[in-house]
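**Q** Chains P and X, in that order, are what the protein sequence lines are.
Following my numbering, the numbering of the first sequence begins with 6 at its first residue and continues without gaps.
Following my numbering, the numbering of the second sequence begins with 5 at its first residue and continues without gaps.
Read the hints as simulated data drawn from the structure, not as lab findings.
If you're wondering where the values come from, they're calculated on a predicted model, not measured in any experiment.
Be careful, since some hints might not be right.
Unchecked claim - Below, simulated DSSO-like cross-link-like pairs (lysine-lysine); rule was C-alpha separation at most 27 angstroms, straight line:
| id | chain 1 | residue 1 | chain 2 | residue 2 |
| --- | --- | --- | --- | --- |
| 1 | X | 7 | P | 239 |
| 2 | P | 85 | X | 36 |
| 3 | X | 36 | P | 54 |
| 4 | P | 66 | P | 316 |
| 5 | P | 346 | P | 371 |
| 6 | X | 39 | P | 239 |
| 7 | X | 23 | P | 269 |
| 8 | P | 58 | X | 39 |
| 9 | X | 23 | P | 43 |
| 10 | P | 172 | P | 142 |
| 11 | P | 66 | P | 279 |
| 12 | P | 43 | X | 7 |
| 13 | P | 145 | P | 85 |
| 14 | P | 58 | X | 23 |
| 15 | P | 279 | P | 239 |
| 16 | P | 239 | X | 36 |
| 17 | P | 270 | X | 39 |
| 18 | P | 269 | P | 54 |
| 19 | P | 316 | P | 306 |
| 20 | P | 190 | X | 23 |
| 21 | X | 23 | P | 220 |
| 22 | P | 171 | P | 220 |
| 23 | P | 316 | X | 23 |
| 24 | P | 371 | P | 316 |
| 25 | P | 190 | P | 269 |
| 26 | P | 305 | P | 239 |
| 27 | X | 36 | P | 66 |
| 28 | P | 269 | P | 306 |
| 29 | X | 74 | P | 43 |
| 30 | P | 172 | P | 131 |
| 31 | P | 54 | X | 23 |
| 32 | X | 74 | P | 220 |
| 33 | P | 66 | X | 23 |
| 34 | X | 70 | P | 66 |
| 35 | P | 170 | P | 145 |
| 36 | X | 36 | P | 43 |
| 37 | P | 85 | P | 142 |
| 38 | X | 23 | X | 74 |
| 39 | X | 39 | P | 43 |
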Amino acid sequence: MIYFDNSATTYPKPSAVLNRAEYASRYLGGNPGRSGHKMSVRVADEVYKVREKVADFFNAKPENVVFTLNCTHAINFAMKGVMQEGGHIIISSLEHNAVSRPAFALAQTNRNVSLSVAKVADRNEKTVSNFKSLIRKNTKCICMMAASNVTGEILPFNEIAAVCKKKGICFILDAAQGAGVMDIKLGEGINFICCAGHKGLYGLSGTGVLISDGKYPLSTIIEGGTGATSLELKQTDFLPEQLESGTINVPGIISLGAGVDFVKKTGINNIRRKEDRLCDMFATQVGDLNNFTVIREYNKKYAPLVSFSYKNANSFEVTEYLSNRGFALRGGFHCSALAHKTLGTEEDGLTRFSPAVFNSEIEVKKLVTELKKVNNIGI
Amino acid sequence: MQKSLIAVSSITYAMKAKKLLNNMGLYCEIQKTPKNLGSGCGYSIRVRDDLRYIFSILDSENIAHKAYQKIPE
């Protein structure tokens, strides 16, 4: 199988990631932050080292790095934590359900919360203007993605974060498709970064991080044992333990540390250059086929993924056909109701090609050859 | 110099304190907070320098220290 579904989760993982995960499973047996014996403290030390690596990667303090199960958990913690007392929240029209569903749920269940959706326009200036026009006196939070998981389009999040900074609005960034291929840091208005550990950071599935600048205290949506303040019924009220109730995923976290090392060592720019090259090659060649439409516009910038449609079959049929011929791509709606409504693709969906640093030009050529066959004789 | 035990907020802050102090060449070890020093399963750091000096370092990095006690020689 040639794997081009790295926007869902990267595969394969770097050897160092697998080795560290095995090491953690085999030798880091204690429960960190709980028992206090030597094994437990040793594991806590290894976990803290990963906090430091992630903190350094995103320009944060280690104690403000919260390990979560995935990006969705991180977004829920941040958004619901900020919005619990009510207020107005703005999201973009391309959001993944990880952002739109919790925002929608808040607006449905908490009468003090209202939701607005800002349209992502053809030009970044217009998109920023659309966000600005929706800001009210009670706007408490803007939550948006760095790059679309459907089209790859990079949104003007830095500009919108700057607006938030000026107006004292909390800004939460969904960096699921950005971390590892874009230089994303806390600061300049970005108060929270949420990202998966298992995508561009190459950790194992079941890993995610919420990174805070510490300016916005969060209320909790999950409470439980934290290894701190144990005799108090009130939940621990400081990061990271406040949001890490229950035993954490030690092998996953240790693997994430190796993944971050891998990205740093390889270099974000080098990873991006390689993946962009594969995407450009794919988009150009498939774009030339008369029965295919590639979702790319010349005046926009893209994270390394390409979505396309085929005139004579829907995306589910295309991906099934490709799967039967040894190619793993994702068709359908990519958990993105808003994005597909915005794009007008809610009927047939799109097929997404998303390479990682381990993919090669030869693999892309093989896929293009297969799509040329489809273009000429159908599926 | 006599050792002291300082209770901190959590294992994360204990780790942060240990790295900080060790990087400055100061002795620091982590242990569970004894019952008489904390209100639950917390963590403490064991140090052996002047406490005012240690506290000033911890304060500079916003590492809250809840209580302390001298450890008998």
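**Q** Starting from the hint list further up, note which numbers the structure goes against and sort them upward.
**A** 1, 2, 4, 5, 8, 11, 15, 17, 23, 26, 32
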